[in-house]
Amino acid sequence: QSALTQPDSVSGSPGQSITISCTGTSSDVGGYNYVSWYQHHPGKAPKLMIYDVTKRPSGVSNRFSGSKSGNTASLTISGLQAEDEADYYCSSYTSSSALVFGGGTKVTVL
Amino acid sequence: QVQLQESGPGLVKPSQTLSLNCTVSGGSISSGGYYWSWIRQHPGKGLEWIGYIYYSGGTYYNPSLKSRVSVSIDTSKNQISLKLGSVTSADTAVYYCAREDSGGYGVFDYWGQGTLVTVSS
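These protein sequences, in sequence, are chains A and B.
Mapping to my numbering: the first sequence position 1 is 1, numbers consecutive.
Add 1000 to the 1-based position in the second sequence for my numbering, that's all there is to it.
No wet-lab data here; the hints were simulated from the structure.
Ideal placement from N, C-alpha and C gives every residue a C-beta, glycine not left out.
Just so you know, not all the hints are guaranteed correct.
Chain B stretches covered by chain A per the calculated footprint, using a threshold of three residues with CB under 8 Å from any CB of chain A [to be verified]:
#, stretch
1, 1043-1052
2, 1057-1064
3, 1101-1111
Model the full assembly from the supplied sequences, consistent with the hints where possible.
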């Protein structure tokens, strides 16, 4: 199973909105509504931000939202803040009953 | 608040077996409702799912690692363990344990901070 494809980096100014893409195939992202997104500050434990494509866990800011179209899922961060600077990873359930992650995207707040 | 803490040798020689433990606090791993998983991150790269175990002992592994991986559970210690055999430098990574909601797919709500394992002679 190949890793999901994410851009290496995305940047934006405070207050702006940015979108991170996560591209897979019909055997993973496109075939199931089981895409999750994780925020990772290096040296800390990753944090679940979005699950089942669009759902937000309790306690996660509503500035974070998820969507999917075809084989590509997206994470949008609105009202970008300095604390949002981190690495973001997507994951998807696959047709082989396994999980596959993306390569990660570094978000920089300018 | 559930907390997970990985532990084990930081250096393993090639061809040997990597062994790690994950101790869970703030909740019982035998209460059901969750898979207890291992995930790794190669240096400078993305995450790779290794596999999980349920409190009953049922397991499921990444097909690409299945021949070398074993995950076990010790409910008396509230601990899960990972063994990865015949390691090479390609197994050098930060290893995380995480709790996955068994009602979903890929919903890891709690993670450990990870432990770096280097494979080198």
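A quick look at each hint next to the structure:
1. 1043-1052: As far as the stretch 1043-1052 of chain B goes, the hint holds, because 5 residues have Cβ atoms under 8 Å from chain A.
2. 1057-1064: This one holds; 4 residues, not fewer than the three required, reach chain A with a Cβ under 8 Å.
3. 1101-1111: Three-residue rule met by the stretch 1101-1111 of chain B, so holds; n is 8.
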